[in-house]
Amino acid sequence: MDEIRKLRNIGISAHIDSGKTTLTERILYFTKRIFAIHEVKGKDGVGATMDSMELEKERGITIASAATHCEWKGHRINIIDTPGHVDFTIEVERALRVMDGAVLILCSVGGVQSQSITVDRQMKRYEVPRIAFINKCDRAGADPYKVVDQLREKLGHNAVFMQIPIGLESELSGIVDLVSMKALYFEGPNGDEVRTGEIPPSMVDEAMLKREELLDAASMFSDDLMEAILEENPTPDLIHEAVRNGTVSRHLTPVFLGSAYKNIGVQAVLDGINRYLPSPPDVKNAALDIDRDEAEVPLETDPDKPVVALAFKLEVTPYGQLTYLRIYQGSIGKGDDITLTRTGRKIKVGRLVRMHAEQMEDLTSAKAGDIVALFGVDCYSGDTFTSGGLNYTMSSMFVPEPVISLSISPEDNKSQTNMSKALNRFVREDPTFRSYVDQESGETIISGMGELHLEVYVERMKREFSARVTTGMPQVAYREAITRRADFDYTHKKQTGGSGQFGRVTGFMEPSEESAYEFVNQIKGGVIPTEYIPAVDKGFQSCLNKGAALGFPVVGMKVTINDGKSHSVDSSELAFTQAAIGAFKQAYIKARPVILEPVMKVSVEGPSEFQGSIMGSINQRRGLITSSTEDGDFTTIDAEVPLAEMFGYATVLRSLTQGRAEFTMEFLKYSRVPRSLSEELKANLRGKSRGEKKS
Amino acid sequence: MKDFISVSPLKVLERSSEQILGPGNLGVLVARAGVGKTACLIHIAFDKIFRKEKLVHVSLEEGPDKVASYYRVIYHDLLKALNVEDDHEYRELLERNRMTLAYINQSFDLKRLQANLRNLTERLGFRPSTLIVDGLDFEETEREVFEELKKVAGEFEVEIWFSALSHRHITETSEMGIPYPVHKLDDLFTIIMQLQPGQTGIFLKLLKDHDGYSVPEGSMRLDPNTFLALD
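Protein chains in written order, with my numbering: chain R, 132 to 826; chain F, 21 to 251.
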């Protein structure tokens, strides 16, 4: 158990370009997992170790999460690197699911930007305790004090300095540790040697003041510390314990600072991870018992209990599929049998490894709390593995519905095969990425969470699978919904020799805000025999895929049947399914269907001088601006904008603001398309279908 | 929401000489901490919004999410209190007619406010009739700022409502009985109201009404939970 208590599963999350890959790289260097330091956009052509995909190396961004392992002062740390771009939300969310704590990196110049807010919101949703690291204190314009204010104001954190910088911008030379009240300098060619010294005299007053703030905040989480402060003897151990209590309970965010690039402050962050972030037993986890109607079952970080493990990430390697697992309970050893809950299939554990980015270390076994990888296991991302007859599944992750799609077609035969392989792989890796063949056009359609999301997969197809494909224009995922109640009374009757078909259904359809589809059976006296009711339901459901207004899927409908008729010889399941289809068609148009479109919550952040231009650009896109927030020289504009209007917005915003503003968006809701646009949409679709018929 | 307008705290103005604050004018709600200044200001906002007028909520302390959540909570209480089932139309009015301008970390200044209001008008065609300013510290703000705000009210043809925090231990008043901290600013404010807790509810008192200081019958009782008019 002592060993598990010294384990940390942490994520490093941040806004893109805040330097998380650099920090991870430095952590791996100082923990002696790598022996040289590279830059992210590697001038030396090597690239940071955590960026495992070629594409990421080229773009200097991290897309896929990779788990890597290191050791620091007797603690084992699994680092889950997470992407910073909001279009890859599922990657972030999946990583958050398996981590016990996180380091939130903030840029000391840019501060808390819109993407940091999105990432922080996700961490809140998964209840991940975090410490903050204010990076890039060596850059011109660095202001960690402003960033801490933003952490409090914008993110609502009870943020408290654990350190203060010695100098800033090009003058940054070290940090003052407010617990030990010592100055720390990072010397040697790569900052390997931490030299402790006295606080520079000019900083003593400020250090005292900030330490007071730290003690005030920390004492809320420890009576012992509070007493010690009254007795004027707060020891470092008491302070650490109090800060840890506050952090683990997510009521306190200790703030570290430095410059990963200049190797200042990284070792202190590692100490912070060990001291303040939780170990696996400190975090409550639960599974769902499939045999007991998915009742929640608490899991124990106990290596002797039956296994419960979650596959949170799949990766293709030259040696086969690699499955990243978080073991929540029990132990997994080489040669063990574990069961894949989804299929009930037993799997023999072959090669069990611990990953260090692209290198690996073979293991004979792994225990509860750990993150490891398996080779050669056929499964999907999000699958649960168990042993000892447990029929558990880890609670399902929040998976948003895709909002954008585009058609792709291979340029040649070889690409056709490779494209299929790639799609098969991506669908397993990412639940927000879908792929299907449109039955009418015969085109392959991919759908996902945003333009960039799909763009990255198209590029991966080209690079990793040598599939050359051409893509169509992005299409928004429209829906249809009825707006009023309409009655139906439909009889399906066919007599073509032999036994006939007869079924009559009566009832009504009405709008429902509760669910996408609801079926209510109010048949009394068996006028429709019970065995045919599921067939009626099936008939209605079959109509939902394609609404009669414009052929978009139908949502928000409640169907109630309250009367009908059957025939002792001619009624059948098929007859009642057909009757329901007829009833749907009879009532649907009467129920005044409208078209719904996805509306995104958009947040644009940029220098205040551009407020007018940004507002104008949103207004032109049928956007509804809900607020504008001034913070220092920056303005953040929050708006609700239809997705259909957001195509190409990144380019427009760049040119409007000289590249100084940025935006994030995430799905908010479906809203009714205005009547004029709805007519336009209808005309376009009619034109398209006529064109297709001609060709 | 006709029902709401008939029980809105702004109904107290029916007892005033002109029945409204009016464009170009400043109004203030004075109360001690915790009595419900923000809630009452939001009720004033609802009154305007449901009359299909446009409103800008200027927040000097909280970010827009917090402001939106205050509105949400009060709105739901309102629906419950008035027994409204289908609120589709009101939700739409609220979405279309309210805008939040937040100034956090001491970012507020008059030039910025003017630029922001100009952007709203010119870029979005959003022409407010009312500004709600919440969180302005009357004790720390110079008289000149209020003079300038009165000019802003004139320039943009808006009425501006403020909230001012009074203290139990400071009993200073102006000659005309206007309490601290508005006592030296009363010439700049067209309407001054005070929110005071009492045994049978919260009382909204009209202390100054346009040119008149003593307002006969200028007091109204509010429900302490919903802030809706009881009398």
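Hints listed in this document are in silico derivations from the structure and should not be mistaken for laboratory results.
A portion of the hints provided could be inaccurate.
Okay, the calculated bits of chain F under chain R, using three or more residues with CB under 8 Å as the criterion [claimed, not checked]: (1) 134-144; (2) 180-190.
Capping the alpha-carbon separation at 27 Å, the derived lysine-lysine pairs in DSSO-like fashion look like this [unchecked claim]: (3) K31/F <-> K669/R; (4) K31/F <-> K800/R; (5) K31/F <-> K277/R; (6) K31/F <-> K72/F; (7) K689/R <-> K100/F; (8) K255/R <-> K100/F; (9) K277/R <-> K131/F; (10) K800/R <-> K131/F; (11) K341/R <-> K393/R; (12) K74/F <-> K732/R; (13) K86/F <-> K800/R; (14) K800/R <-> K100/F; (15) K163/R <-> K137/R; (16) K732/R <-> K31/F.
We put the beta carbon where it would ideally sit given N, CA and C, even for glycine.
Okay, the hints, checked on the actual structure:
no.	hint	result
1	134-144	holds (count 8)
2	180-190	violated (count 0)
3	K31/F <-> K669/R	56 Å, violated
4	K31/F <-> K800/R	36 Å, violated
5	K31/F <-> K277/R	44 Å, violated
6	K31/F <-> K72/F	17 Å, holds
7	K689/R <-> K100/F	26 Å, holds
8	K255/R <-> K100/F	30 Å, violated
9	K277/R <-> K131/F	22 Å, holds
10	K800/R <-> K131/F	36 Å, violated
11	K341/R <-> K393/R	24 Å, holds
12	K74/F <-> K732/R	22 Å, holds
13	K86/F <-> K800/R	20 Å, holds
14	K800/R <-> K100/F	25 Å, holds
15	K163/R <-> K137/R	18 Å, holds
16	K732/R <-> K31/F	36 Å, violated
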